[in-house]
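So the protein lines, in turn, are chains A and B. Quick note on this note's numbering: the first sequence kicks off at 1 and runs consecutively. Quick note on this note's numbering: the second sequence kicks off at 1 and runs consecutively.
Keep in mind that the hints were calculated from the coordinates and are not lab data. Where is the CB? At the ideal position from N, CA and C, for every residue including glycine. Do not rely on the hints blindly, as some may be mistaken.
[As the list claims (entries may be wrong)] Facing chain B, according to a computed beta carbon distance under 10 Å, are these residues of chain A, among others:
| hint | residue |
| --- | --- |
| 1 | Ala11 |
| 2 | Glu15 |
| 3 | Ala133 |
| 4 | Lys361 |
| 5 | Ile364 |
[Claimed, not checked] From the structure, some residues in chain B lie toward chain A, with a derived Cβ separation under 10 Å:
| hint | residue |
| --- | --- |
| 6 | Ser131 |
| 7 | Arg205 |
| 8 | Phe270 |
| 9 | Ala336 |
[Unchecked claim] Quick list of the computed label-pair ranges, beta carbon to beta carbon:
| hint | chain 1 | residue 1 | chain 2 | residue 2 | range |
| --- | --- | --- | --- | --- | --- |
| 10 | A | Pro201 | B | Ser289 | 54 to 60 Å |
| 11 | B | Gly25 | A | Gly54 | 54 to 60 Å |
| 12 | B | Glu285 | A | Gly280 | 55 to 61 Å |
| 13 | B | Ala49 | A | Pro201 | 52 to 58 Å |
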Amino acid sequence: MQLELSAEDQAFREEMRTFFTTQVPQSIRDTVANGRELTKEQFVENQRILNAAGLAVPHWPEEWGGRGWSDLRRHLWLEEMQRAYVPAPLAFNANMIGPVIAHFGTSSQKERFLPATANLDIWWSQGFSEPDAGSDLASLRTTAVRDGDHFVVNGQKTWTTLGQHGDWIFTLVRTDPDVKKQAGISMLLIDMTSPGLEVRPIELIDGSHEVNEVWFEDVRVPADLLVGELNGGWTIAKFLLGNERVGVAPVGAIKRALGRAKELAGPLLDDPLTRARVAGLENELLALELTALRVAAHSSEGAPHPASSVLKLKGTELQQAVSELVLDLAGPRALGAADATGSDLPEWARRSAPTYLNLRKASIYGGSNEIQRQIIARTILGL
Amino acid sequence: MDFTYDDEQVALRDAVRGLVRKAYGDFEERRRTTREDPGFSEKLWAQLAEMGLLGLPFSEDDGGVGAGPVEVGIVAHELGRVLAPEPYLASVVLAGGLVAATGTPEQRAELLGALSAGEVLLALAHQEPGSRWAPAASAVTAREEGGSWTLTGVKEPVAHGARADVLVVTAALPDGGTGAFVVAPDADGVTREGYPTYDGGRAARLSLSGTPATPLGEPGADVTDSIAAVLDTARVVAGHEALGAMEVALATTTEYLKNRKQFGVPLNTFQALNFRAADMYVSLELAQSVVHWATMVLATGDGDRSADAAARAGLQVSRAGRHIGQEAIQLHGGIAMTAEYSVGSYTAHLHVLEQLLGDGQHHLAALAGTVADHEVLDPLAAS
Ligand SMILES: Cc1cc2nc3c(=O)[nH]c(=O)nc-3n(C[C@H](O)[C@H](O)[C@H](O)COP(=O)(O)OP(=O)(O)OC[C@H]3O[C@@H](n4cnc5c(N)ncnc54)[C@H](O)[C@@H]3O)c2cc1C
Numbered sequence: 001m002q003l004e005l006s007a008e009d010q011a012f013r014e015e016m017r018t019f020f021t022t023q024v025p026q027s028i029r030d031t032v033a034n035g036r037e038l039t040k041e042q043f044v045e046n047q048r049i050l051n052a053a054g055l056a057v058p059h060w061p062e063e064w065g066g067r068g069w070s071d072l073r074r075h076l077w078l079e080e081m082q083r084a085y086v087p088a089p090l091a092f093n094a095n096m097i098g099p100v101i102a103h104f105g106t107s108s109q110k111e112r113f114l115p116a117t118a119n120l121d122i123w124w125s126q127g128f129s130e131p132d133a134g135s136d137l138a139s140l141r142t143t144a145v146r147d148g149d150h151f152v153v154n155g156q157k158t159w160t161t162l163g164q165h166g167d168w169i170f171t172l173v174r175t176d177p178d179v180k181k182q183a184g185i186s187m188l189l190i191d192m193t194s195p196g197l198e199v200r201p202i203e204l205i206d207g208s209h210e211v212n213e214v215w216f217e218d219v220r221v222p223a224d225l226l227v228g229e230l231n232g233g234w235t236i237a238k239f240l241l242g243n244e245r246v247g248v249a250p251v252g253a254i255k256r257a258l259g260r261a262k263e264l265a266g267p268l269l270d271d272p273l274t275r276a277r278v279a280g281l282e283n284e285l286l287a288l289e290l291t292a293l294r295v296a297a298h299s300s301e302g303a304p305h306p307a308s309s310v311l312k313l314k315g316t317e318l319q320q321a322v323s324e325l326v327l328d329l330a331g332p333r334a335l336g337a338a339d340a341t342g343s344d345l346p347e348w349a350r351r352s353a354p355t356y357l358n359l360r361k362a363s364i365y366g367g368s369n370e371i372q373r374q375i376i377a378r379t380i381l382g383l
Numbered sequence: 001m002d003f004t005y006d007d008e009q010v011a012l013r014d015a016v017r018g019l020v021r022k023a024y025g026d027f028e029e030r031r032r033t034t035r036e037d038p039g040f041s042e043k044l045w046a047q048l049a050e051m052g053l054l055g056l057p058f059s060e061d062d063g064g065v066g067a068g069p070v071e072v073g074i075v076a077h078e079l080g081r082v083l084a085p086e087p088y089l090a091s092v093v094l095a096g097g098l099v100a101a102t103g104t105p106e107q108r109a110e111l112l113g114a115l116s117a118g119e120v121l122l123a124l125a126h127q128e129p130g131s132r133w134a135p136a137a138s139a140v141t142a143r144e145e146g147g148s149w150t151l152t153g154v155k156e157p158v159a160h161g162a163r164a165d166v167l168v169v170t171a172a173l174p175d176g177g178t179g180a181f182v183v184a185p186d187a188d189g190v191t192r193e194g195y196p197t198y199d200g201g202r203a204a205r206l207s208l209s210g211t212p213a214t215p216l217g218e219p220g221a222d223v224t225d226s227i228a229a230v231l232d233t234a235r236v237v238a239g240h241e242a243l244g245a246m247e248v249a250l251a252t253t254t255e256y257l258k259n260r261k262q263f264g265v266p267l268n269t270f271q272a273l274n275f276r277a278a279d280m281y282v283s284l285e286l287a288q289s290v291v292h293w294a295t296m297v298l299a300t301g302d303g304d305r306s307a308d309a310a311a312r313a314g315l316q317v318s319r320a321g322r323h324i325g326q327e328a329i330q331l332h333g334g335i336a337m338t339a340e341y342s343v344g345s346y347t348a349h350l351h352v353l354e355q356l357l358g359d360g361q362h363h364l365a366a367l368a369g370t371v372a373d374h375e376v377l378d379p380l381a382a383s
C-alpha cells in the first residue's frame, strides 16, 4: 500500500491538468460548467482536440490509439478532465463501440471504423433498447433476415440518446427466432442514412430532446457489417454493458458539481443543515472515488468486474443527490425558466430543476439500479 | 379528534373531482393547456367560480362562502390529483388570503368579491430574487409623499404574475416593517415578464419603478405577521394539493407494476419493487395524517400553533413528496422520463410546491430551533 503518487504519476497529473485547462476552448468548458447542452459541433471539436493529443481513447489497444496506461493513470486522466469541465469523449464511441470493434471486429472493420470513431468523424448511437425490451434486453424483437449479401432489418429501437446527431448506429438484432432468446441475437452496424431508417424525437420531462425512437423498415445492411459471430451478439452486449456501467457514474464530474454547489451556496453555506448535508456527500464521494481506485473495475478478457455494479449504483445515487442539493440551494429561484430572458434569477438556479429531473435517468439506464443490485446479489453474494 | 369528512364535505370532494376530471382526466389535455399562455383553462376557472370554490375561504360579507381550511384543503387535494394548473393556491389562498387578512372592509368586498366571482385574477408578489420564504419584504421598497404611495424594486418569481388582473405587492416600509399594496398591472413603471415554470405552471418577474400603489388596510401598517400567517395557511393547503398528487403518482405506479412485463412476467412479480411501492404508501399515509392534523390546528385560528403545525406538515410532505416522486419515476423506468407520460410532471410539481412556500430543510431548521421548548409533542393539546 502506498498513499502518495509517485513523482512520475504526479508529473503525469500536472501534464493532464495543464492540457485540459489550456488546450480546450473556454467556451466549451463554460458550457459544461453552466450545465448547458453541448452542441454537436462542440462535442466534435472537443474530441478532435483530445484525439490529436492522444487523449481521446487511451484505454483502447495501443495499435488503435491506446496508451497502455495503468488504471491509476486512467483515473487521473478522467479526474483532471472532469475537474477542468472538459466534456468526456463521446461514450458511444470511446467506451462502447470502439472497444467492441477493437475486440470483436474484423481487421477491415477496425481499419474502416476505429480511427474515425476515435476522432468523432463518425457519431455513433446505441440501438439496444426497445419499447418492450428494457431491463429484459434479450427479449428484443427487431429482426435481421439474411438476403444474399445483405441483412434486411425491421423493427423499432427506442431511448436512442442523441440519435439526432447519429451517423451510424450499433444495434442488437434478432437473427434466429427459434432458439433461447440470448442465443439468437447479433450485432449489426447500420448507416443511419440508409433508406427505411427514421429517427423520431422523444421529449423528456426537462423539456430536452435528448432521446429518440429509431424505426427500421426493410433497411438493407451489407452483411460485412455484422460484428463478431452470427448469433454471438449477446456476448458482445455483455462486454459492452460492463464498460458502460463503469463509465456511467463519473466520480470526477460529481465532485466537480459538489464543489461548484459550495460556491453557488453563498451565505447558505453558513447554515448548519446545509453544511452537514455537503459534508455527508463529500464523504460518500470520497468513499466512492477510493473504491473506484481500489477495485480494478474495468473489463478484463470480456468480463466486467462485478464491483463495477457498486460504482454504477452508488455513483448514480450520489450524482442525483448532488443535483438535489443544487436544486435546494436554488430554492424559489429554481422557478425561473431555464431559457427566460430578462430574469433576475441566476442561470444556474434556473437550470437546477431541469438538471435534477434529467438526472433521474441515471438510475434507470446503463442497467437500472435494481438490475445492479441483482448482479451484486447473484454474482458477488451468490444469492 | 375526528379525521373523517362529513356528508357535505364528501359531496364537495365528489363535485370537484367530477369537474376537474372532466377537464384533465386525460393527461394530454393538461399538457395542451399548459403549453400555451396563460397556462390554465379560463373556462375551468370560471366553473370553479360558479361552484363557489374561489370564494370558499372568504367571509360572506366579503363576497365569499365562509368555509374553513378543511374545505379549501378538499379542493386543493382534488386539484392536486390531476395537477390542475389553475392558480387556486396563488390567487385564492395566497393573494386572496393576504387581502382578507389586511384589507379594509371596502377593499375586501371589492377585491375578494371580484375574485370569488372569477372576474378578477389576483396574484401575490411577495418573493424576491434574494430571499427564501421570509415573511418580510426588502428588495421592493415603498415611499410615501403627501398621502400617495409608490413602490420600486423587483419581485420574482411571482406565480401567475403575468396574467394577473390585480397585483398584491409587499414592500419594505419607510419606517421599518412590511406593508401590503394593491398595484394595477398597467400602472406607471410596471414591467412584467412571464414564463413557464418547469412543471408547466406560470411565474413572472415583476419590476416596479416609482409605481403608484394603494396600501391594503391602514397605510404604513406593518403586516409581516399577516404575511407569515398566510404563508402558513398556504403551506397546509399546498400539503393537501401534494397529497392528491402523491396519491395519484402512487396509484399510477402500482397500475404500471401490474401491467408492464419484463422477463416474461409482470413487474409486480418482483418483490423488490412491490416493497418499494409499499414504502411509498407508508410515506403517503404519514404525510396525510400530519396534513389533516395541521388543517384542524389552522381551523382553531391560533397563530402560534398554526405556524408550528404548518412547519411540521411542510417537513413531512417534503420528505414524502421527494420519496414518492423519485420512486414513482424509478419504478416505471424510462417511460416516466418522457414529457408525454404523467408521472414526471407529478414529481416536478411536488418540488414546485416546496419552492413556492418553503422546502423541507427550511421547515426543519425552524423546528430544530424549538426542540428545547417542549418535553414531548402532544398533537391533542390545546396551547
Ligand atoms: C434518458 C435515457 C437514455 C437512454 N439512452 C439509451 C440509449 O442511448 N440506447 C439504448 O439502447 N437504451 C437507452 N436507454 C434505455 C435504458 O437502458 C432502459 O431505460 C433501461 O434498460 C430500463 O428499461 P425500461 O426503461 O424499459 O424499464 P423496465 O425494464 O420496464 O423497468 C421498470 C422498472 O422495473 C425494474 N425492474 C425490471 N426488471 C427487474 C427485475 N428483474 N428485478 C427488479 N426490478 C426490475 C427496473 O429497475 C425499473 O425500476 C436510455 C434510457 C433513458 C431513460
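Hint check:
1. Because the closest C-beta pair between Ala11 (chain A) and chain B is about 43 Å apart, greater than 10 Å, the hint is violated.
2. The interface hint given for Glu15 (chain A) is broken, as the beta carbon of that residue sits about 39 Å from the closest beta carbon of chain B, more than 10 Å.
3. Residue-level restraint check for Ala133 (chain A) holds (minimum Cβ-Cβ distance to chain B is 8 Å; threshold 10 Å).
4. Annotation: interface hint on Lys361 (chain A) holds; nearest CB of chain B at approximately 5 Å, less than 10 Å.
5. The closest approach between the C-beta of Ile364 (chain A) and any C-beta of chain B is roughly 5 Å, which is under the 10 Å cut-off, so the hint is satisfied.
6. Satisfaction of the interface hint for Ser131 (chain B) is found here, the shortest Cβ-Cβ separation to chain A being roughly 8 Å, below the 10 Å cut-off.
7. Interface hint at Arg205 (chain B): satisfied, since its Cβ lies 5 Å from the closest Cβ of chain A, which is below the 10 Å cut-off.
8. Taken as an interface hint, Phe270 (chain B) checks out: its beta carbon lies about 8 Å from the nearest beta carbon of chain A, inside 10 Å.
9. Interface restraint check: Ala336 (chain B) against chain A, minimum CB-CB distance 8 Å, threshold 10 Å, status holds.
10. For Pro201 (chain A) and Ser289 (chain B), the hinted distance range of 54 to 60 Å is not satisfied, since their beta carbons lie about 44 Å from each other.
11. Checking the proposed 54 to 60 Å range against Gly25 (chain B) and Gly54 (chain A) shows it holds: the Cβ atoms sit about 59 Å from each other.
12. Taking 55 to 61 Å as the suggested C-beta distance range, the pair Glu285 (chain B) and Gly280 (chain A) does not conform, at roughly 28 Å.
13. Hint check: Ala49 (chain B) to Pro201 (chain A), Cβ distance near 39 Å, so the stated range 52 to 58 Å is violated.
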